[in-house]
Amino acid sequence: MFVNFFRSGLSRRRFLSSAATLSGIGVLGATLPRKVFAQDQVVRVGFLAPLTGPVAAWGKPGLDGCMIWAEWINEAGGIDIGGEKHRVEFIPYDDEYDPAKARAGATKLIREDGVKFIMMLGGDPWPGVQPVAERTGMLFSTLLPSDLSPDTTTLIAPAEVHPIYNVTGVEWLAETRPDLKTAVICAQDDALGLPSVATYLAAFEAAGIEMLEAPILFDPATTDFAPVVTRMLARNPQIVCLDTCYADYVHPICEQLFQQGYEGQILSCTADFYEQIIEKTSKEFMEGFVFQFPDFDDPELNADFINFQEPNRFYEEYAQRFPGQWGAVSWEYASIMDLWKAAVEKAGSAEPDAVLAAMTEGGTAPHAFGEARWWGRDLFGIDNALVGNWPVIAIEDGKARIKAFRSIPDWYDKHGELLKKHMAAYNQLWDQRS
Amino acid sequence: MRSGLALLAWIGVGVALIALPHGLSFSQQEILVFLTINVLLVASYRMLTLTGEWSLGHVVIMGVGAYASALYSKHFGVFVPAAMLLGAMTAALIAMGLSYPLFRMKGFYFLIGSFAAGEIIRLLWKRFREPFGGVKGITGIPPVPDVNLGIWDFVFFDPISYYYFVLAVVSFCLWLMWRIERSPVGLTFHAVHWQDKLAEAAGVNARAYRTLAFVIASGFAGLAGALQAHYIGAVNPTSFDIEQMVFVLTWAIVGGTATFYGPILGCIVLTVLNEIVLRGLGFEQTRPLIYGLLLILSVLFLPKGLESLVGRVLPRRATSRTRAIIGAEEKA
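Chains E and S supply the protein sequences, listed in that same order. Residue numbers for the first sequence follow the numbering used here, so the first one is 312 and each next one is one higher. Residue numbers for the second sequence follow the numbering used here, so the first one is 4 and each next one is one higher.
What the hints contain is simulated information worked out from the structure, not anything from laboratory work. For clarity, every value in this text was computed on a predicted model and none was experimentally measured. Possibly wrong hints are sitting among the right ones.
[As the list claims (entries may be wrong)] Covered, in the sense of this in silico footprint (three residues per stretch, anywhere, with C-beta under 8 Å from a C-beta of chain S), are these stretches of chain E: (1) 359-373; (2) 393-406; (3) 417-429; (4) 432-444.
[Stated by the list, open to error] Sample of chain S residues lacking proximity to chain E, with all beta carbon distances greater than 12 Å (derived): (5) A19; (6) W57; (7) A85; (8) M99; (9) I115; (10) Q198; (11) L201; (12) E203; (13) L215; (14) F263; (15) I271.
[Said to hold, decoys possible] Here are some of the chain E residues that sit facing chain S, going by a computed Cβ distance under 7 Å: (16) P410; (17) A411; (18) A502; (19) N738.
Glycine is no exception: its CB is placed at the ideal position from the N, C-alpha and C atoms.
Next comes chain E alone, as it looks inside the complex:
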């Protein structure tokens, strides 16, 4: 077919029709209405995360949230940098959760697009980016503080201290359901699953909850979870803990738990798209499911100590634009932008070193869920993780509701040694990572 196209050559008729079509497209493009911005100056922020592939659920919803954030900020006049208003523009790059592509993406964002800050999911892509960060001094953020080490001086984890906040769910559960005394855990055997397992083990030990058997680690390529669930239920646990499983695992595991007749407590780090799980199981089965990521239409988020701007309106806008796609990360990157914006305006500059200094000044910063402190030397070798309160969520009548806010530092002050013990057992302390 293509050969025939080339062989037949370019006839006058074909040339004229093609030219007319192209001209038409050009004219149409030129006459389409364009948004006019009051500000001439632009500050660019890079979004380097998986937007396609299996890990996209922790990248794409975050970008969607950032676009809403940028629209609101720009409509309100933009960011004040040294007395001048700047429009915010996000430049996305799909790293496909691959270190090589992340390196190319970081290079593009820094050297071609001139971004002043780059947000990443972190994890596997970070080692590819780290040399670029070291040489350029660019400020990066990650959602996975396990990327932090004493060498990563320009990397911050300001939104979530995964998986340390999982202790709040266990602590709350132990207080509200003291009858629950036994648990089992399953997790994917990867960089997200293992530190989370260590955290849950520490939290269960601190709460006096007995582990009925060693955590079941399944391969990330697993698609049939019936054997995993059967093995967990064979010990008749009161709590089934799903660790930090991806949505692709949480959903089928819940289905299996439902099909195999489990009626006990389920605990998980995330429950992204939980409405779909309810559809596949039942409202009754999911009642009381405890996890860590709220829907932002929750009235509890209107409390005075919450720093996230207009959470209910943000959720409403998000749900309207992307129905059924609200997930754990939908708000997180936007909350990092709140922090970054405050630091930029405080520093009067968007340059990475000035922003980092303004952000960490005094050792505290406004986290989405309240004032928090820069922390992490014990576990990560550097105080670049922002830690404070974290919500505990339970599903009630088919809807996620915040049950309490708990302090991660308070828990750590009491049980820090337990956490370090279990992290060390799973080689998750910064000096144990290769």
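Go by the hints and put chain S onto chain E.
Coordinates of chain S only, in the frame set by chain E:
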């Protein structure tokens, strides 16, 4: 006269390849480095397919070279270029070991067997945190030491410098593979593929030649892995999973495997399309959809690969050998 023109053409190609990175943006230079490494990978894959066997473990073998080179240089302090060669040799040795069970199978069974063998290796990397780093892999892999040649200061963090290094290595490897294919050994690979019974009747040990192709291809794949590992500075099991293998298969299928340049053409065209054109047009999130659509179209309308298009547009360029191979494929 004709050989003089060919020489001039090769000189022109060489000059173009040397000048190429200077005409690209910074990120395109990064992509060019990985593209050049992938050219070696896919060309080595074709070497394996010369004997008629298609493997699903080739990317894992690439990973063997990457892990081995990383470990030799990081834990034993081996000079990085030497570690790369040792990494390639390790990949070849592992392939030699795997060949004993794998070449008891043929065709589809070999394909599945190679996938299983590759998964076993990947699971070993995940399971043994010492020395493989578990699921997070190995980070902080030493880079190629910088070199100052007077006319050019090779700082290998810089993509242009590393591209020249990779280009030299890959060009030499491609020349080697070209020579091997044109040698009696290479002709025997073709014979084992197309006429294995006849070849065996003539005294050719088909299994030994399949093993030889597998080992040679694995050595080059291992070198590709080592080149990648010392540039990124990190390796992990996910980078060598079946998803990456599908990309290699796609390059080979879309490009075609009848000619030496077919898979290379597929790799270049699809990488440029996926990483530069679609990203540049703003299809950041819809790339897999468009990429998949184009693959389906290419299989429908170019079932013999991009190489057949080149062969028809430039019929006089196709060698008699190429035409013979394509003809044999058509008959088969």
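Given coverage of the segment 359-373 of chain E by chain S, tested with a Cβ cutoff of 8 Å and a minimum of 3 residues: holds (count 4)
Verdict on chain S covering the segment 432-444 of chain E, where coverage means 3 or more residues with a C-beta closer than 8 Å: Holds: 5 residues of the segment 432-444 of chain E have a Cβ under 8 Å from chain S.
Non-interface label on W57(S), tested against every C-beta of chain E at 12 Å: Holds, since 21 Å exceeds 12 Å.
Interface hint outcome for N738(E) [beta carbon to chain S under 7 Å]: For N738(E), the interface hint holds, since the closest Cβ of chain S sits about 5 Å away, which is under 7 Å.
Given coverage of the segment 393-406 of chain E by chain S, tested with a Cβ cutoff of 8 Å and a minimum of 3 residues: Satisfied; 3 residues make the cut.
Assertion that E203(S) lies farther than 12 Å from chain E (Cβ): For E203(S), whose nearest Cβ neighbour in chain E is about 38 Å away, the distance exceeds 12 Å, so it holds.
Non-interface label on L201(S), tested against every C-beta of chain E at 12 Å: L201(S) clear of chain E: closest Cβ-Cβ about 34 Å, beyond 12 Å.
Assertion that M99(S) lies outside the chain E interface [Cβ separation over 12 Å]: 27 Å, holds
Whether F263(S) stays farther than 12 Å from all C-beta atoms of chain E, as the label says: F263(S) is indeed farther than 12 Å from all Cβ atoms of chain E, at 21 Å.
Interface-negative label, A19(S) against chain E, beta-carbon threshold 12 Å: 22 Å, holds
Supplied contact hint for P410(E), tested at 7 Å Cβ to chain S: 5 Å, holds
Given hint A502(E) near chain S, where the shortest CB pair must fall under 7 Å: 5 Å, holds
The structure meets every hint from the earlier list without exception.
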